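Visitor: One letter stands for each residue in the lines below.
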Amino acid sequence: MAILEVEHVFKSFGRTAVLKDISFSMEKGQALSLIGSSGSGKTTLLRCLNFLERPDKGVIRVNGETLFDGMNGDTKRESEIRKKRLHFGLVFQSFNLFPQYTALKNVMLARELLEKEKEGYKARKKEIHQEIEGQAAELLKQMGLGEKMKRYPHELSGGQCQRVAIARALALHPDILCFDEPTSALDPELTGEVLRVMKELAERKMTMIIVTHEMDFARDVSDQVIFMDDGQIVEQGTPQQIFETPEAERTRQFLARYTEE
Amino acid sequence: MELIMEQLPIVLHALNIGFLQTLKLFFVTLIGAAPLGLVIAFGSMSRFKPLSWLTKIIIWIIRGTPLMIQLLIVYYFPGLVFKNNIWGSGEAGRFLAASISFIINYACYFSEIYRGGIQNIPVGQEEAGLVLGMTKRQIFFKVKLLQMIKRVVPPMSNEIITLVKDTSLARIIALQEIIWAGQAFMKGSQGISGAIWPLFCAAFYYLIWSGLVTVLLGKLEKKLNYFR
Amino acid sequence: MRKGIALLMTVLLTMALFAGCGDKKEAETTEAAKETAAPAGTEAAKETTEAAKGEESQAEKETKEGVSDGDMAYVKEKGTLVVGITDYAPMDYKDENGEWIGFDADMAKAFAESLGVEVEFVEIAWDNKIFELEGKSIDCVWNGMTLTDEVTSSMDCSKPYCQNSQVVIVPADKADQYQDVESLSELSFAVEAGSAGEAEATKLGLEFTQVGQQADALMEVAAGTSDAAIVDSLMAGAMVGEGTSYADLTYTVILNGDDGEVFGVGFRKGSDLTAALNEFFAKSYGDGSLMKCAETYGVQAAVIAQ
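In order, the protein sequences belong to chains Y, H and S.
With this note's numbering, the residue at position 64 of the first sequence is 64, and numbering never jumps.
The number in this note's numbering is simply the position in the second sequence, starting from 1, with 261 added.
The number in this note's numbering is simply the position in the third sequence, starting from 1, with 489 added.
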């Protein structure tokens, strides 16, 4: 069964239609790359999945559970959405770490707040805290940041910040981890360390959706590639299909521009 | 000179009593206006238009009129217009009226500073909180509040130092703060009359207090420098 | 939920903005009443609370019968005569123990005693004396108050009990150049706004600057920002010359020696306390106690026969 199903999603800002009838699905453990020029709607699609934007129409399903249905008002309520968001994690282009907390605390904060709301928290407070801290430290070590846990974001390089942000998203065990151009804000020499971490995640069969301009990365790492243009999915397939035998004219033009550069 | 040395203990005693009143008004205003300012800031940022408009009108009125007139209105209006003097005639009622005027006035100034501080926080901070499943409340208290405080400390310092000196306005409703105490010796009080120097002494109290406040707020600013 | 809070806040703010007092008044009254620390505080508190509760009937009564019937009864009921003063030697000032003394203060105590009520002195900002009186935060102004047109038209005043004159203050080293009214025309003056001194300056067509109080006028002369000032002779006696901060100043021309700048006590308009005080003045002048009090504070020369 597909882990994610997106059906006929529409979204416009004022009069500008940004997403026009988007439908696709993906399997558990896959890495899906979304490519396309700026303004093609890929970032908006990602933000819709994370409920930072509300689609105007359409259905979003995860593991068969309907998270959003434009025809059903109940699914649009804030309190409902909050829980459903946790199916997804999102790594931002500009990291958006919380500057007043250490790397470790950045990773721990959301888990702590969620645990606090559960029953029986007070009785096991210390235990829970230690458990969260242990897991956060483990995640940061996986990201190669074992030495930097007590550092504040402004003391870290861009690449290190982005790895903290990935750990922060993973701490909530999302079903699907989304990346919104995770290396675009980085100096070229720092992109490698972030892409390496993402590749490791793909190898461990983390389900991922990646909006990216790194064509080599998309080709090497992803199982599926979607090319978007003007708010529509133009072409979808394996990296081989999209990069070597693209069918649509628009895909060819887009890829040609990239290889020129 | 000898005369001044003789009068000094009497004058300092009177100035101390006046300064105590000044400090009381200072702290009550700060403690009342700092949280009220936040409430007003949220009112003016509300997406519910009538509330934000109303709040903005109130801020406009309060910031657009002199505090001195606000003091007169708060203290004398109930007795003059509604024929019901709610404050009484004693010191306590005058202090209460002065406190209310100062708190409302300063809360409006603070609210605009807070608003700037909150709106300057990158929208990504809220979005990061949202995708991590935090409620708006948690995002405000756990993520934004400290960043806002860091941003508002420098402009707030200016306002707070102004407040130190603004407290002297309360003498318009006969609150006997330090300037009042100093001026008493011009007209004659406790056997000392026609003396100007007590008033200049009062200036030193302000100078030392505002210096102290500046240093403390500077320390706070430094303390918040651990993040950017 | 959020919208509910926003709506509630809007409604509350609108009420606060337009209704002003509304139902908040009662709560505040009790609050203020609690704060009244005077000996007769509980009595006064009850009074105000009742006034707030039985607001309508009370207000009705006051407008129908005026304050006249109420004022004496009002003071007697609360048991306190609240006297509005400023720190102004030798009329009202504090002794070493912080007690209010002075010619006016002592006479006010005696008057309150004759009414069978306590006296309470409240320092006021002089500019706001009419607000204080009408807003009932004080019951009378008894503070060497010159009976100007402004005062007599806005208060009910007692018969004059003291005669004061206005004097010109100049630096002592220039005093001999300015010994008559004609010589004053070239000087710039500082006068207290709304004072009898200002009235004199206007009458003589002098060039003047208004300042907040008489003491400020003296400071202007001392600092050289004005050439001269016009102040009360009673005040000049206490404030300039040897032993003051204004040792270099002196007073020269007396401006209205005869035509009666006089002191009186001010009550609310239509108050029946005015007549009571006139009676009291006549009685205490008759038995010599008024003059005796005046001698204590060295103002006997200024007292007007009652």
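Just so you know, the hints here were simulated from the structure itself, not pulled from any lab data.
Since the model is a prediction, treat every value here as computed from it, not as a measurement.
Idealized CB from N, CA, C, for every residue including glycine.
Careful, some of the hints might be misleading.
Some but not every residue of chain Y turned toward chain H, in silico, with C-beta under 8 Å [stated by the list, open to error]:
# : residue
1 : A2
2 : L114
3 : L170
4 : L172
5 : H173
6 : A202
Only part of the chain S face toward chain H is listed, based on derived beta-carbon distances under 8 Å [said to hold, decoys possible]:
#  : residue
7  : I590
8  : E607
9  : K625
10 : I627
11 : S677
12 : M708
Visitor: Tell me if Y:A2 is really an interface residue toward chain H, meaning its C-beta lies closer than 8 Å to one of theirs.
Guide: Nearest chain H Cβ about 22 Å off; hint violated.
Visitor: If you take the shortest Cβ to Cβ gap from S:E607 to chain H, is it below 8 Å?
Guide: 13 Å, violated
Visitor: With 8 Å as the cut and Cβ atoms as the points, is Y:H173 at the interface with chain H?
Guide: With a closest approach of 11 Å, the Y:H173 hint is violated.
Visitor: For the hint on Y:A202, just tell me whether its beta-carbon gets within less than 8 Å of chain H.
Guide: 21 Å, violated
Visitor: When the nearest CB of chain H is found for S:S677, is that gap smaller than 8 Å?
Guide: At 20 Å from the nearest chain H Cβ, S:S677 fails the 8 Å test, so the hint is violated.
Visitor: With 8 Å as the cut and Cβ atoms as the points, is Y:L172 at the interface with chain H?
Guide: 6 Å, holds
Visitor: Tell me if S:I590 is really an interface residue toward chain H, meaning its C-beta lies closer than 8 Å to one of theirs.
Guide: 10 Å, violated
Visitor: Identify whether the interface hint at S:K625 stands, where standing means a beta carbon of chain H within less than 8 Å of its own.
Guide: 5 Å, holds
Visitor: Less than 8 Å between beta-carbons is the criterion; does Y:L114 satisfy it with respect to chain H?
Guide: Holds - the Cβ of Y:L114 comes within 8 Å of chain H, reaching about 6 Å at its closest.
Visitor: Mind checking the CB of S:I627 against every CB in chain H and telling me if the closest is under 8 Å?
Guide: 6 Å, holds
Visitor: Hint check: is the beta carbon of Y:L170 less than 8 Å from a beta carbon of chain H?
Guide: This hint is violated: Y:L170 lies away from chain H, its Cβ roughly 11 Å from the closest one there, beyond 8 Å.
Visitor: Hold the hint about S:M708 up to the distance rule: shortest CB distance to chain H must be less than 8 Å.
Guide: Where the cut-off is 8 Å and the nearest Cβ of chain H is about 6 Å from S:M708, the hint holds.
Hints 1, 3, 5, 6, 7, 8, 11 from the list above are not met by this structure, while the remaining hints are.
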